[in-house]
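Visitor: Each chain, letter by letter, is given below.
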Amino acid sequence: MEKFITLTSKVVPLPIENVDTDQIIPARFLKATNKDGFGDNLFADWRYNKDGSPKADFVLNNPSFGGSILVAGKNFGSGSSREHAAWAIDGYGFKVVVSSFFADIFQNNALNNGVLPVVVSAEFLAEVFALVNTDPSVTLTINLLDQTVTNNANGKSETFAINAYKKECLVNGLDDIDYLLSKKSQIEEFEKAK
Amino acid sequence: MYKTLFDKIWDAHVVSSVENGPTQLYIDRHFCHEVTSPQAFNGLRARGLKVFRPEKTTLTADHNTPTINQDQPVNDPISRNQLDTFARNAVEFNLPLYFPLGHIKNGVVHIIGPENGFTLPGTTIVCGDSHTSTHGAFGAIAFGIGTSEVEMVLATQCVLQSRAKTMRITFNGKLATGVTAKDLALYMISKLTTGGATGYFVEYAGEAIRNLSMEERMTVCNLSIEMGARGGLIAPDQKTFDYVKGREFAPKGEEWDTKLAYWKTLKTDDNATFDKEFVFDAADIQPMITYGTNPGMGMGITDSIPTLDEVDEAGRISFQKSLEYMGFQPGEKLEGKAIDYVFLGSCTNGRIEDFRAFTAFVKGKKKSENVVVWLVPGSWMVEKQIREEGLFDILTEAGFALRQPGCSACLAMNDDKVPAGKYAVSTSNRNFEGRQGPGARTILAGPLVAAAAAISGKITDPRS
Numbered sequence: 001m002e003k004f005i006t007l008t009s010k011v012v013p014l015p016i017e018n019v020d021t022d023q024i025i026p027a028r029f030l031k032a033t034n035k036d037g038f039g040d041n042l043f044a045d046w047r048y049n050k051d052g053s054p055k056a057d058f059v060l061n062n063p064s065f066g067g068s069i070l071v072a073g074k075n076f077g078s079g080s081s082r083e084h085a086a087w088a089i090d091g092y093g094f095k096v097v098v099s100s101f102f103a104d105i106f107q108n109n110a111l112n113n114g115v116l117p118v119v120v121s122a123e124f125l126a127e128v129f130a131l132v133n134t135d136p137s138v139t140l141t142i143n144l145l146d147q148t149v150t151n152n153a154n155g156k157s158e159t160f161a162i163n164a165y166k167k168e169c170l171v172n173g174l175d176d177i178d179y180l181l182s183k184k185s186q187i188e189e190f191e192k193a194k
Numbered sequence: 001m002y003k004t005l006f007d008k009i010w011d012a013h014v015v016s017s018v019e020n021g022p023t024q025l026y027i028d029r030h031f032c033h034e035v036t037s038p039q040a041f042n043g044l045r046a047r048g049l050k051v052f053r054p055e056k057t058t059l060t061a062d063h064n065t066p067t068i069n070q071d072q073p074v075n076d077p078i079s080r081n082q083l084d085t086f087a088r089n090a091v092e093f094n095l096p097l098y099f100p101l102g103h104i105k106n107g108v109v110h111i112i113g114p115e116n117g118f119t120l121p122g123t124t125i126v127c128g129d130s131h132t133s134t135h136g137a138f139g140a141i142a143f144g145i146g147t148s149e150v151e152m153v154l155a156t157q158c159v160l161q162s163r164a165k166t167m168r169i170t171f172n173g174k175l176a177t178g179v180t181a182k183d184l185a186l187y188m189i190s191k192l193t194t195g196g197a198t199g200y201f202v203e204y205a206g207e208a209i210r211n212l213s214m215e216e217r218m219t220v221c222n223l224s225i226e227m228g229a230r231g232g233l234i235a236p237d238q239k240t241f242d243y244v245k246g247r248e249f250a251p252k253g254e255e256w257d258t259k260l261a262y263w264k265t266l267k268t269d270d271n272a273t274f275d276k277e278f279v280f281d282a283a284d285i286q287p288m289i290t291y292g293t294n295p296g297m298g299m300g301i302t303d304s305i306p307t308l309d310e311v312d313e314a315g316r317i318s319f320q321k322s323l324e325y326m327g328f329q330p331g332e333k334l335e336g337k338a339i340d341y342v343f344l345g346s347c348t349n350g351r352i353e354d355f356r357a358f359t360a361f362v363k364g365k366k367k368s369e370n371v372v373v374w375l376v377p378g379s380w381m382v383e384k385q386i387r388e389e390g391l392f393d394i395l396t397e398a399g400f401a402l403r404q405p406g407c408s409a410c411l412a413m414n415d416d417k418v419p420a421g422k423y424a425v426s427t428s429n430r431n432f433e434g435r436q437g438p439g440a441r442t443i444l445a446g447p448l449v450a451a452a453a454a455i456s457g458k459i460t461d462p463r464s
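So the protein sequences, as listed, match chains A and B. For the first sequence, this note's numbering assigns the number 1 to the initial residue and increments by one for each residue that follows. For the second sequence, this note's numbering assigns the number 1 to the initial residue and increments by one for each residue that follows.
By construction, these hints were calculated from the structure, which means they are not laboratory data. Computed from a prediction, not measured in an experiment: that's the story for all the values here. Warning: the hint list may mix true and false statements.
Just some of the chain A residues that point at chain B, by a computed CB distance under 8 Å [what the hints assert, rightly or not]:
(1) E17
(2) N18
(3) Q23
(4) K166
(5) Q186
(6) F190
Which chain B residues face chain A? A few, computed with CB under 8 Å, are given here [what the hints assert, rightly or not]:
(7) G21
(8) P22
(9) P38
(10) Q82
Here a beta-carbon is modelled for each residue, glycine too, at the ideal position from N, C-alpha and C.
With these hints in hand, go ahead and build the complete structure from the sequences.
Guide: And the structure:
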């Protein structure tokens, strides 16, 4: 897993609430047996017409917006547990998703793939949407060590929560399996005691 | 210290706690299917790992499988490759509990688990599927996980999880005639919204819950995830024990007695407190349908869609986008509206009781000629039962055909896709945009509303 420490980037705004994982990556794209190529089908049904041509009114097809931070409406990632959603977001090139609320399983899946979910207040989120709407060059800075997210257009900053273990994993590029494998003997003891 | 049911089961499965971090939780039963597992097996291979406890993983092909001609090679080469990969992984990693297409124990993962006795009270259960919450009906901690976590379970029989907050939802009173467990669940989700239980594990309680059969309890727990909950559970009781007893993989003899004594202790202490509580009156519930593109957008079948004024300002754009997709207007009534497809099946409503309810309604009537109806049993055991109980003959007489088991049109990974713009009354769990096929318009409902729609060709109150 790649290390994550700090990031400053333009943002892609998606001011829709309850974006479910069927929108992030529709089920018909889940037939692969590896993790590659899901970025091409990120938000496929919103992004492409039936003939595969890009839909002009979808934000990913608007050249004014770009960068590696996706900013989305509340309750992002609800629905199916498919980790393919995290692979699609990562595969497209997003390193951070900012929202006022995330679904649980998506949040775990994102963290397990080095994509940082950043929870901000509803006010902070609304301001980013408003500002980026008039000026797409607006940037956010995410500092994982300080756990801060800063809107560089108005200088406002918030701290965000992340559990210390997950932060350590991201900062060092480690994953949970490394940790669990180091606990094998404890697992065997637990089984014996059961 | 008084404990909730959730606390008791959770605490009995903690291997260790990471400082300032998640809990290392031991998993008793892992269910595995073809869509969310291949990358996990690749991960094991890349690290040179074996499956740590092969007998604790049950594998069934269900998500990406056809519901006709299962005895023949699968047409779609990409789907076939995924199924072949699943089979190869089961062999390569020496997994004895692998049930391929056509096997009598094959079917939707959350249906074959309980019916074969893999799902037991007091256990921890995971699967790379969000509807794993179904198994909570037995008084188990059951939740969906991602593929990285599938790899963790295969490698170590553990996952790292933060402890969820606890919520209790109590349904007092009795459900009215013609109101099903699905209606109860859709009612609850419409009250809590699709993110209303995020971060929580929910215990369902109260007279109306106790009165539900095991299969109805599975329907309720199944839909926990649709209000964001990690899972839902119901304290085991005599109905639970009667259901489990005698099933192939359930404990037997002396082991049964020991387990049973333990299972009887599995209930929330009288003085235990929950982080959040909701109380509803079951008598307030009527048959439910959804009108929007998430399961929280539900209403009584005789009600009208909310008007714009009734929707929060922040949510108005999403609400309008949703109605536009569905082709509905704010304030519109949906009863009597023509529909095109009916789907009976899925881990939510693909069990024998759902087929009994549907069949009892359509008995002696004729299927509407304007509607395509897919009846998809949740498993081969359900399919067998449908035939043995004579339901098959009644359905045939009424103009219905039976398909072969699988997830089918619930997520439309196979050919069972509802065409763009068409309306489907579906007993499945999600009405997301495109869920049942690109452009498909899903109206979630219980098996009785589905049966009424299949006969009339319209959204119809099954009580009328």
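Visitor: Compare the structure with each hint and give your call.
Guide: Against the structure, the hints come out as follows:
no. : hint : verdict
1   : E17  : holds (4 Å)
2   : N18  : holds (5 Å)
3   : Q23  : holds (6 Å)
4   : K166 : holds (7 Å)
5   : Q186 : holds (6 Å)
6   : F190 : holds (5 Å)
7   : G21  : holds (3 Å)
8   : P22  : holds (6 Å)
9   : P38  : holds (4 Å)
10  : Q82  : holds (5 Å)
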